[in-house]
Structure formats: structure tokens, C-alpha cells
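Construct all of the structure, not just a fragment, from the sequences and the given hints.
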Amino acid sequence: QKEVEQNSGPLSVPEGAIASLNCTYSDRVSQSFFWYRQYSGKSPELIMSIYSNGDKEDGRFTAQLNKASQYVSLLIRDSQPSDSATYLCAVTDGYNKLIFGAGTRLAVHP
Amino acid sequence: EPEVTQTPSHQVTQMGQEVILRCVPISNHLYFYWYRQILGQKVEFLVSFYNNEISEKSEIFDDQFSVERPDGSNFTLKIRSTKLEDSAMYFCASSEEDRTTDTQYFGPGTRLTVL
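The listed protein sequences derive, respectively, from chains P and A.
For what it's worth, this note's numbering labels the leading residue of the first sequence as 1, then goes sequentially.
For what it's worth, this note's numbering labels the leading residue of the second sequence as 1001, then goes sequentially.
Keep in mind the hints are simulated off the structure, nothing from the lab.
Be aware that one or more of the hints could be misleading.
Claimed, not checked - Here are the simulated lysine to aspartate or glutamate pairs, EDC-like style, with alpha carbons at most 20 Å apart:
{"no.": "1", "chain 1": "A", "residue 1": "K1078", "chain 2": "A", "residue 2": "E1059"}
{"no.": "2", "chain 1": "P", "residue 1": "K42", "chain 2": "A", "residue 2": "E1003"}
{"no.": "3", "chain 1": "P", "residue 1": "K56", "chain 2": "P", "residue 2": "D83"}
{"no.": "4", "chain 1": "A", "residue 1": "K1078", "chain 2": "A", "residue 2": "E1018"}
{"no.": "5", "chain 1": "A", "residue 1": "K1057", "chain 2": "P", "residue 2": "D27"}
{"no.": "6", "chain 1": "A", "residue 1": "K1057", "chain 2": "A", "residue 2": "E1044"}
{"no.": "7", "chain 1": "A", "residue 1": "K1042", "chain 2": "P", "residue 2": "E3"}
{"no.": "8", "chain 1": "P", "residue 1": "K67", "chain 2": "P", "residue 2": "D93"}
{"no.": "9", "chain 1": "A", "residue 1": "K1042", "chain 2": "A", "residue 2": "D1062"}
{"no.": "10", "chain 1": "A", "residue 1": "K1083", "chain 2": "A", "residue 2": "E1059"}
{"no.": "11", "chain 1": "A", "residue 1": "K1042", "chain 2": "P", "residue 2": "D93"}
{"no.": "12", "chain 1": "P", "residue 1": "K67", "chain 2": "P", "residue 2": "D27"}
{"no.": "13", "chain 1": "A", "residue 1": "K1042", "chain 2": "A", "residue 2": "E1085"}
{"no.": "14", "chain 1": "A", "residue 1": "K1042", "chain 2": "P", "residue 2": "E5"}
{"no.": "15", "chain 1": "P", "residue 1": "K67", "chain 2": "A", "residue 2": "D1102"}
{"no.": "16", "chain 1": "A", "residue 1": "K1057", "chain 2": "A", "residue 2": "E1085"}
{"no.": "17", "chain 1": "P", "residue 1": "K67", "chain 2": "P", "residue 2": "E5"}
{"no.": "18", "chain 1": "A", "residue 1": "K1078", "chain 2": "A", "residue 2": "E1056"}
{"no.": "19", "chain 1": "P", "residue 1": "K2", "chain 2": "A", "residue 2": "E1056"}
{"no.": "20", "chain 1": "A", "residue 1": "K1083", "chain 2": "A", "residue 2": "E1018"}
{"no.": "21", "chain 1": "A", "residue 1": "K1042", "chain 2": "P", "residue 2": "E45"}
{"no.": "22", "chain 1": "P", "residue 1": "K56", "chain 2": "A", "residue 2": "D1102"}
{"no.": "23", "chain 1": "A", "residue 1": "K1078", "chain 2": "A", "residue 2": "D1062"}
{"no.": "24", "chain 1": "P", "residue 1": "K2", "chain 2": "P", "residue 2": "D27"}
{"no.": "25", "chain 1": "A", "residue 1": "K1057", "chain 2": "P", "residue 2": "E3"}
{"no.": "26", "chain 1": "P", "residue 1": "K56", "chain 2": "P", "residue 2": "D78"}
{"no.": "27", "chain 1": "P", "residue 1": "K42", "chain 2": "A", "residue 2": "E1001"}
{"no.": "28", "chain 1": "A", "residue 1": "K1083", "chain 2": "A", "residue 2": "D1063"}
{"no.": "29", "chain 1": "P", "residue 1": "K56", "chain 2": "P", "residue 2": "E45"}
{"no.": "30", "chain 1": "P", "residue 1": "K2", "chain 2": "A", "residue 2": "E1059"}
{"no.": "31", "chain 1": "A", "residue 1": "K1083", "chain 2": "A", "residue 2": "D1062"}
{"no.": "32", "chain 1": "A", "residue 1": "K1042", "chain 2": "P", "residue 2": "D27"}
{"no.": "33", "chain 1": "P", "residue 1": "K2", "chain 2": "P", "residue 2": "D93"}
{"no.": "34", "chain 1": "P", "residue 1": "K2", "chain 2": "A", "residue 2": "E1044"}
{"no.": "35", "chain 1": "P", "residue 1": "K42", "chain 2": "A", "residue 2": "E1044"}
{"no.": "36", "chain 1": "P", "residue 1": "K42", "chain 2": "A", "residue 2": "D1086"}
{"no.": "37", "chain 1": "P", "residue 1": "K67", "chain 2": "P", "residue 2": "E3"}
{"no.": "38", "chain 1": "A", "residue 1": "K1078", "chain 2": "A", "residue 2": "E1044"}
{"no.": "39", "chain 1": "A", "residue 1": "K1057", "chain 2": "P", "residue 2": "D93"}
{"no.": "40", "chain 1": "A", "residue 1": "K1042", "chain 2": "A", "residue 2": "E1059"}
Here the structure is a predicted model, which means the values were calculated and not measured.
Written as C-alpha cells, this is what we have:
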């Protein structure tokens, strides 16, 4: 059974701080990795994609991938209250379907 | 900006009834997907569709489920005889190419409530 694991949280950070979200996956053949943001009652919204080991930055977001450790993370710099949501880690298993983690709930307080 | 659309936003039905959930994928996308999310649970893959046939389906996607692309724009999910446990958010997604580096874009979802 291919699994994607995330800490459910809530992760609580003050406004302006860095939020660090982590994800591990079980299937070594996973090739592509995604972070989606989901507000309550809404659909997943793509934040970042990453395919190679290392860091990838996009604005306030940085995704980090370590395939040897089967680990992917998302850093959110200068966190804002509007970043409060559930962050979903997703991987593809080589057949293009997405396998999602349960998500980490982030709460940014003023 | 192109987006995936879904109708209806909320569907209430009686157990045993048939429902059809509709999606309009992004126009130049070739691959289409249905996912579902039971309240408080993970987003789960149901089925992928390419070139007018199913590419892959999950264990959830049993004989009660079917998908169809009836015309050049719509992509539908039919549940023949709904059960209470089919109550969930159903998300349609589409992607441009069947490469694992490509991104799936999600529609806003249909909330299905089975009474």
C-alpha cells in the first residue's frame, strides 16, 4: 500500500514567522511531488510542484525534496493569516494518479 | 485563466437513486480524473480517463460507477445506485499530458449528500 504521511497538526505559527510542513512517502518510484492548499469546504489548489532533489522557490514558498530519505517539505516564509489552511502533500506513483496525504492544518495567528 | 468547472455544486439524493456529476475540464487538456473526499478524510483517487477510455481505476470505482465524455467538453461521473457512504465531495481534475511531471488542476467540487 503506497502511503503519504503528514503530521495532522494543527501547526500554529505567529504572523511573519516561517511555517515548516513535512511529508514522507513510502514508494521509492514516486517521481513527482506536489503541495496543494485546501481551505475548508474547497478544492485543492496547487501551491508548488517539485521533481528533482533540492530546493525550489516560488515567492514566499520553498519546496524541498530528498528522494533518498523519501521526504518532501514546504516552507512558507512571512506567514500570513490568509495562509491558514490545510496543506496537502501529493505524489504520483508513475501512472499519473495523485496519492494524497491527510494534510497538515496550519493556523497563522496575528 | 482557464479553470475546471463542475456542476452542480451540491447534489442531494435519496439512497438508491442515480446521480450524474458533471465537469468541464480545461479545454486543451487531454487527461481527466475524478477524486473524492469524504468529510475529514484524505482526497482519494477514483479514476483516470484518456482518449475516451479509462486509464486506471481504484478499488473504490466499482460497477456502480461509470465515466463518460459525451461530447467535446463535458466529462461525467455516474453513480448508478447511491449508498449512504457515497456522501462526499467529488472533485474533477484535468492535466495536459500523461507525464508524471505534469500538474493536475482541480475543479471546485460537487458535494454529494445521500439520504
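Hint check results:
1. The hinted pair formed by K1078(A) and E1059(A) meets the criterion: a straight-line CA distance of about 16 Å does not exceed 20 Å.
2. As the CA atoms of K42(P) and E1003(A) are separated by approximately 14 Å, the hinted pair is consistent with the 20 Å bound.
3. Straight-line distance between C-alpha atoms of K56(P) and D83(P) comes to about 19 Å, which keeps the hinted pair within the 20 Å bound.
4. For the proposed pair K1078(A) and E1018(A), the alpha carbon gap of about 7 Å is at most 20 Å, so the pair holds.
5. This hinted pair checks out: K1057(A) and D27(P) have alpha carbons roughly 19 Å apart, not beyond 20 Å.
6. About 11 Å separates the Cα atoms of K1057(A) and E1044(A), which keeps this hinted pair within 20 Å; it holds.
7. Pair hint K1042(A) plus E3(P) holds up; C-alpha atoms about 11 Å apart against a cutoff of 20 Å.
8. Of the pairs offered as hints, the one joining K67(P) and D93(P) holds, with about 13 Å between alpha carbons and a cut-off of 20 Å not exceeded.
9. Pair hint K1042(A) plus D1062(A) holds up; C-alpha atoms about 19 Å apart against a cutoff of 20 Å.
10. For the hint pairing K1083(A) with E1059(A), the CA-to-CA distance comes to about 16 Å; that is within 20 Å, so the pair holds.
11. Simply put, K1042(A) and D93(P) have alpha-carbon atoms about 17 Å apart, close enough for the 20 Å limit, and the pair holds.
12. A hinted pair counts as satisfied when its Cα atoms are at most 20 Å apart, and K67(P) with D27(P) qualifies at roughly 10 Å.
13. At roughly 15 Å between alpha-carbon atoms, K1042(A) and E1085(A) fall within 20 Å of each other, so this suggested pair holds.
14. Pair hint K1042(A) plus E5(P) holds up; C-alpha atoms about 11 Å apart against a cutoff of 20 Å.
15. For the given pair, K67(P) sits about 18 Å from D1102(A) by alpha-carbon distance, which is consistent with the 20 Å threshold.
16. At roughly 18 Å between alpha-carbon atoms, K1057(A) and E1085(A) fall within 20 Å of each other, so this suggested pair holds.
17. Between K67(P) and E5(P) the alpha-carbon distance is near 15 Å, which keeps this suggested pair within the 20 Å criterion.
18. Using a Cα cut-off of 20 Å, the hinted pair K1078(A) and E1056(A) holds, with the two alpha carbons roughly 16 Å apart.
19. In summary, the hint linking K2(P) to E1056(A) is supported, as the alpha carbons are separated by about 16 Å, within the 20 Å threshold.
20. A threshold of 20 Å between alpha carbons decides the hint, and for K1083(A) with E1018(A) the separation of about 10 Å falls inside it, so the pair holds.
21. Only pairs whose Cα atoms come within 20 Å are accepted, and K1042(A) paired with E45(P) is accepted, the gap being roughly 15 Å.
22. As the CA atoms of K56(P) and D1102(A) are separated by approximately 16 Å, the hinted pair is consistent with the 20 Å bound.
23. The straight-line distance between the Cα atoms of K1078(A) and D1062(A) is roughly 11 Å, inside the 20 Å bound, and the hint therefore holds.
24. Proximity of K2(P) to D27(P) is assessed by CA-CA distance (about 6 Å); at most 20 Å being required, the pair is judged to hold.
25. With a CA separation close to 17 Å, the supplied pair K1057(A) and E3(P) stays within the 20 Å bound.
26. Between K56(P) and D78(P), the direct Cα distance comes to roughly 17 Å. Compliance with the 20 Å bound is thereby established for this hinted pair.
27. Annotation: proposed proximity of K42(P) to E1001(A) holds, straight-line Cα distance about 18 Å (limit 20 Å).
28. The suggested pairing of K1083(A) with D1063(A) holds, with an alpha-carbon distance near 13 Å, which does not exceed 20 Å.
29. Of the pairs offered as hints, the one joining K56(P) and E45(P) holds, with about 18 Å between alpha carbons and a cut-off of 20 Å not exceeded.
30. Restraint check: the Cα-Cα separation between K2(P) and E1059(A) comes to about 14 Å, which is no more than 20 Å; the hinted pair holds.
31. A C-alpha spacing of about 13 Å is found between K1083(A) and D1062(A), which places the hinted pair at or below 20 Å, so the restraint holds.
32. Simply put, K1042(A) and D27(P) have alpha-carbon atoms about 18 Å apart, close enough for the 20 Å limit, and the pair holds.
33. Restraint check for K2(P) and D93(P): the C-alpha separation of about 8 Å stays at or below 20 Å, so the hint holds.
34. Between the alpha carbons of K2(P) and E1044(A) the distance comes to roughly 12 Å, so the proposed pair stays at or under 20 Å and holds.
35. Of the supplied pair hints, the one linking K42(P) and E1044(A) holds, its CA atoms being roughly 15 Å apart against a limit of 20 Å.
36. Proximity of K42(P) to D1086(A) is assessed by CA-CA distance (about 18 Å); at most 20 Å being required, the pair is judged to hold.
37. Our distance criterion of 20 Å between C-alpha atoms is met by K67(P) and E3(P), whose separation comes to about 15 Å.
38. With a C-alpha separation of about 17 Å, the suggested pair K1078(A) and E1044(A) falls inside the 20 Å cut-off, and the hint holds.
39. A C-alpha spacing of about 13 Å is found between K1057(A) and D93(P), which places the hinted pair at or below 20 Å, so the restraint holds.
40. Between K1042(A) and E1059(A) the alpha-carbon distance is near 15 Å, which keeps this suggested pair within the 20 Å criterion.
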